[in-house]
Amino acid sequence: MISRRDFLKICSMATLTTTLPALAPRVEAQPIVEKAKLYRWGRKIPTICIYCAGGCGLLATVVDNVIIELEGDPDHPINEGALCSKASAYLQLVNSERRLLTPMMRTNPKKGVDQDPGWVPISWDEAFRIIAEKVKSALEALPYKHKDEKGLTHYYRIGRASPIGWLGSAYFNNEECYLIKKGMSLLGSLNVEHQARKCHASTVVALANTFGFGAMTNHIIDAKNSKVFLIVSNPAESHSMEFRWVIRAKEKGAKIINLDPRFNRTSTKADIFAHYRSGSEAAIFLGLIRYLIYEKPDRIDWKFVEERTNAPYDLDGKKLEDWKVNPNSIFSKLKELVAKYTPEEVERISGIPRNVFIKIADTFTSLKPGNIYYAMGTTQHTNATHAIRAQAILQLLLGNMGVPGGGVNALRGISNVQGSTDMNVLSHVIMGYRVPPRNIEDVRRYQKWKNSQPEVRGGTPGGKTYPWKSIEEAEAQGKADVFRWDDRMFPTWNALEYHWGIYVGTWPGLDPDNEPVICDLPIGTGNAIVQLFRAVRDGLIKVLFVFGENPVVSVPNANLVKEALSKEGLFTVVCDLFDHETAHFADILLPGTCRVEREGSVTNTGRWIQWQWKAKEPPIAAYKGESMDELRIITELFKVLRRSGALKLPSEFFEAETGAKVKRVIGGVEVENNPDECWPSRFGSGAEAVFKEVAYKIGALKVGTATLPQACANVLYRDGYDPDPKYDYVGGILPKRRDRTPADEDDEKYGYFKNWAYSWMRNQRILYNPKENNHPYDKFFTWWAHSPSKWLGFDKAAIWSGPLYDPGKPAYDPRHHGFPLHNEPLESPLPDLAKEYPTMWDHVLIKDVVWFNSATGKIMKGAAEVIGEGSFPYVLTTFRLAEHMQTGVLTRNLPWLAELQPEMFIEMSVELAKELGVKPGDWVLVKTARNTKGIKVRVIVTNRLKPLIVGGRVVHEVAMPWHWGFKGLVTGASANDLTIDAVDVHANIPEYKVCLCSIEKVG
21 MISRRDFLKI CSMATLTTTL PALAPRVEAQ PIVEKAKLYR WGRKIPTICI
71 YCAGGCGLLA TVVDNVIIEL EGDPDHPINE GALCSKASAY LQLVNSERRL
121 LTPMMRTNPK KGVDQDPGWV PISWDEAFRI IAEKVKSALE ALPYKHKDEK
171 GLTHYYRIGR ASPIGWLGSA YFNNEECYLI KKGMSLLGSL NVEHQARKCH
221 ASTVVALANT FGFGAMTNHI IDAKNSKVFL IVSNPAESHS MEFRWVIRAK
271 EKGAKIINLD PRFNRTSTKA DIFAHYRSGS EAAIFLGLIR YLIYEKPDRI
321 DWKFVEERTN APYDLDGKKL EDWKVNPNSI FSKLKELVAK YTPEEVERIS
371 GIPRNVFIKI ADTFTSLKPG NIYYAMGTTQ HTNATHAIRA QAILQLLLGN
421 MGVPGGGVNA LRGISNVQGS TDMNVLSHVI MGYRVPPRNI EDVRRYQKWK
471 NSQPEVRGGT PGGKTYPWKS IEEAEAQGKA DVFRWDDRMF PTWNALEYHW
521 GIYVGTWPGL DPDNEPVICD LPIGTGNAIV QLFRAVRDGL IKVLFVFGEN
571 PVVSVPNANL VKEALSKEGL FTVVCDLFDH ETAHFADILL PGTCRVEREG
621 SVTNTGRWIQ WQWKAKEPPI AAYKGESMDE LRIITELFKV LRRSGALKLP
671 SEFFEAETGA KVKRVIGGVE VENNPDECWP SRFGSGAEAV FKEVAYKIGA
721 LKVGTATLPQ ACANVLYRDG YDPDPKYDYV GGILPKRRDR TPADEDDEKY
771 GYFKNWAYSW MRNQRILYNP KENNHPYDKF FTWWAHSPSK WLGFDKAAIW
821 SGPLYDPGKP AYDPRHHGFP LHNEPLESPL PDLAKEYPTM WDHVLIKDVV
871 WFNSATGKIM KGAAEVIGEG SFPYVLTTFR LAEHMQTGVL TRNLPWLAEL
921 QPEMFIEMSV ELAKELGVKP GDWVLVKTAR NTKGIKVRVI VTNRLKPLIV
971 GGRVVHEVAM PWHWGFKGLV TGASANDLTI DAVDVHANIP EYKVCLCSIE
1021 KVG
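Using the working numbering, the first residue of the sequence shown is number 21, and each one after it goes up by one.
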């Protein structure tokens, strides 16, 4: 007798016979019982889901290099064999006939949505040759030497000035992302960005400047330990498997509070739900802080606040014994600032009725531990950093940090977006969230630092040394901020010198203050995502790589992106599974692979670093007789660039032009600047070798007679590779561990799963939890803030943040105080509120943002230029569907998911539909200041949205999913053709979640 489970597997196998001709005869020739045997005979290969960042496990059943089944892994702790709708269709992605299989070259020189690229297939050799020629030609204009006012010539490149740009990708494994950052740095470019900028960049800034690390503080399974949830997102649809653990907690009595502009599937499980106006998140959380301080001070964890935060201190770092009442204490200043956010004021700003807000506040503050979940609804605003900071401060006051069931838990949206962020595929960081040299003075100090311990750091014996031996010495000279910055950055630069085969310092190193600076790391910062496309449009970027990303659909004000990609003289290389909207503008199109077709590590939203094994060979064209995947594509690409002469280091130019030989001696061994020996890694090729370089155990790597002070390239992943023989069963790679056995009693009680995979930092599952057994840190908080400041509040969580403090800013700006405040979006629907709570947006950041001024009725370009007028009375926000993923590339090309959600639409309330005279299924034209022609979409009239009373007037908010574009199995208008490209002033994340629009019925 065949079980229902086997029957479903047989049915899913049968559907494959139309797409897998090599397997079809074998399958079709067998009776149904034999088909079931075929499933059982297949090899079972564990892998990790490609979609959201939950890190769910799957098992691939492989027969004759064909995956015949992808099912949930029943042994995996996170999903326990269950799958969401997207993962259930993953097999269609792997075996899709729509996939790209060979490199393609554009033959039509014209670019545009209405232009046929005229693709013709080419070989990998030809593709790499063409790319190398373009990159070499572009880099010829990038200066590598610079003369100072003394006439001394220095050799380095400015990272922002590079004509080479790279986008992508959070869908790639850690090792691939690491090589992207490594390769682009060797090319001298910091114009490197990926999806993280558009989803959680504000999380990183906010949480890093409050706690120390910019990541989800707890982990997915830990939700089962929570007593109350405050969810400002929709995990039931966007993070379905994670939400299972919320439901587990609810089944044990936990309360769920859900806040969202839309009543969604998460809302159906909530004990309390409230609609609110998108863009008012900071006001809501500041109101909760006020309620706690003024109405329920007995619920504050005073012991926690005193011991683990900077609340008892003044702004100069002096602890005050009477801090609860002393007006100079950080706590008192916070109390004063939040006083205005009464329930009535929160209602006026957000639209949440006073009585509902009080119920929310009372419920969340009365139950512990409490858990805050949030995602794009909070992160994608011009004041997002401060809204998230307000969440963090609330949790600190309640003592909900560093405990099971607590935390500020950012739900990240793409399978490896945490890992790709950790690998710093971003324009402002270099590796391990350290920054590259800001100027040549940083490099001069670094050379002195190397000279202080030349035998292990590779400095010059007898050269001038670093001026301070301790923070106390530096502080005595008023240089504590410099010492702290150097102490964070220099060990990583030193590790990169070794692992990347580069030189950073002066030469010969005896007198760093008066010698040429030789720096193979690019200096400064690059262009963030919105600015990057303006650089493309303005002709500053000549070659653009887009790997595993689709900015034509994902970037706000997307018509500007299309304009930029159509720029004459731009050479674009796209690598992906399908010919998508951005690929339509490419010059070279490279085929990509599915995750099951390659191996490597991925890091989920809860910081678990897991290994996924290769299940089959990819179907794409081979190169030199060997199969290709993203790791090898990136590896071979930079090898070709090196051989062609396109990739040449400043130190190599210096040697060629001066006859000097730049070298370092470590442990008696000469280590030259030679990236050829270090590409793709010091330990060889392949994902395992690259992971070793990323995560080598501190204290375990020797060069000559010296032990490298930082053995790993990325200090965050330290000890993830451990050569201790006890780990031989996983080759020393701890992310490969699949052992569910609890490590200790706490592990068994709380569900840490510390023997499963690995977690940064050093396998800690709940950040800032000193009670977690084998806790590696003596102090509660471990700081990593980049910006030097007079006082960072080391080892204390920052209720007041020094790096975010600038008293020169106007009083309405949170930076004036160092505390969060509410600020209106750039396009506020309420002129009175916008005047009272001005936007944080600064037009100096991007001078040509187009926006609508609701106070004047004018369409503006930048701060003062009027380019039109109009009426845009409605608030537009965007959201996601359970059935689609991001820009739809990985879902709109799959028949099952395309059938479930085939069409773009706009949701509006019953009341607004009546006002507009539209009914369900009608077509409407939606316009914004950036797109006055508008996009045409169908209407869904629903009670999921309600009119809000905000600032004494009715405000209608409408909502659109953003998954559609003009390519794929199903197509539709793109919401990001409408959205605004103003950004958070700290994090450069765009304000996707709020803009103003008009709506009119059309035939």
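Honestly, the hints are just simulated from the structure, not real lab data.
Accuracy of the hints is not assured; some may be wrong.
[Unchecked claim] Pairs of lysine to aspartate or glutamate residues, derived as EDC-like cross-links and limited to a Cα-Cα distance of at most 16 angstroms, are as follows:
{"#": "1", "residue 1": "Lys355", "residue 2": "Glu315"}
{"#": "2", "residue 1": "Lys339", "residue 2": "Asp815"}
{"#": "3", "residue 1": "Lys668", "residue 2": "Glu697"}
{"#": "4", "residue 1": "Lys966", "residue 2": "Glu923"}
{"#": "5", "residue 1": "Lys947", "residue 2": "Glu931"}
{"#": "6", "residue 1": "Lys244", "residue 2": "Glu646"}
{"#": "7", "residue 1": "Lys131", "residue 2": "Glu495"}
{"#": "8", "residue 1": "Lys634", "residue 2": "Glu646"}
{"#": "9", "residue 1": "Lys878", "residue 2": "Asp868"}
{"#": "10", "residue 1": "Lys154", "residue 2": "Glu588"}
{"#": "11", "residue 1": "Lys338", "residue 2": "Glu495"}
{"#": "12", "residue 1": "Lys956", "residue 2": "Glu919"}
{"#": "13", "residue 1": "Lys644", "residue 2": "Glu146"}
{"#": "14", "residue 1": "Lys659", "residue 2": "Glu315"}
Hints and how they fare:
no.	hint	in the structure
1	Lys355 <-> Glu315	holds, 12 angstroms
2	Lys339 <-> Asp815	holds, 14 angstroms
3	Lys668 <-> Glu697	holds, 14 angstroms
4	Lys966 <-> Glu923	violated, 23 angstroms
5	Lys947 <-> Glu931	violated, 20 angstroms
6	Lys244 <-> Glu646	violated, 46 angstroms
7	Lys131 <-> Glu495	violated, 58 angstroms
8	Lys634 <-> Glu646	holds, 15 angstroms
9	Lys878 <-> Asp868	holds, 15 angstroms
10	Lys154 <-> Glu588	holds, 14 angstroms
11	Lys338 <-> Glu495	holds, 15 angstroms
12	Lys956 <-> Glu919	violated, 21 angstroms
13	Lys644 <-> Glu146	holds, 12 angstroms
14	Lys659 <-> Glu315	violated, 64 angstroms
This entry does not satisfy hints 4, 5, 6, 7, 12, 14, going by the numbered hints stated previously.
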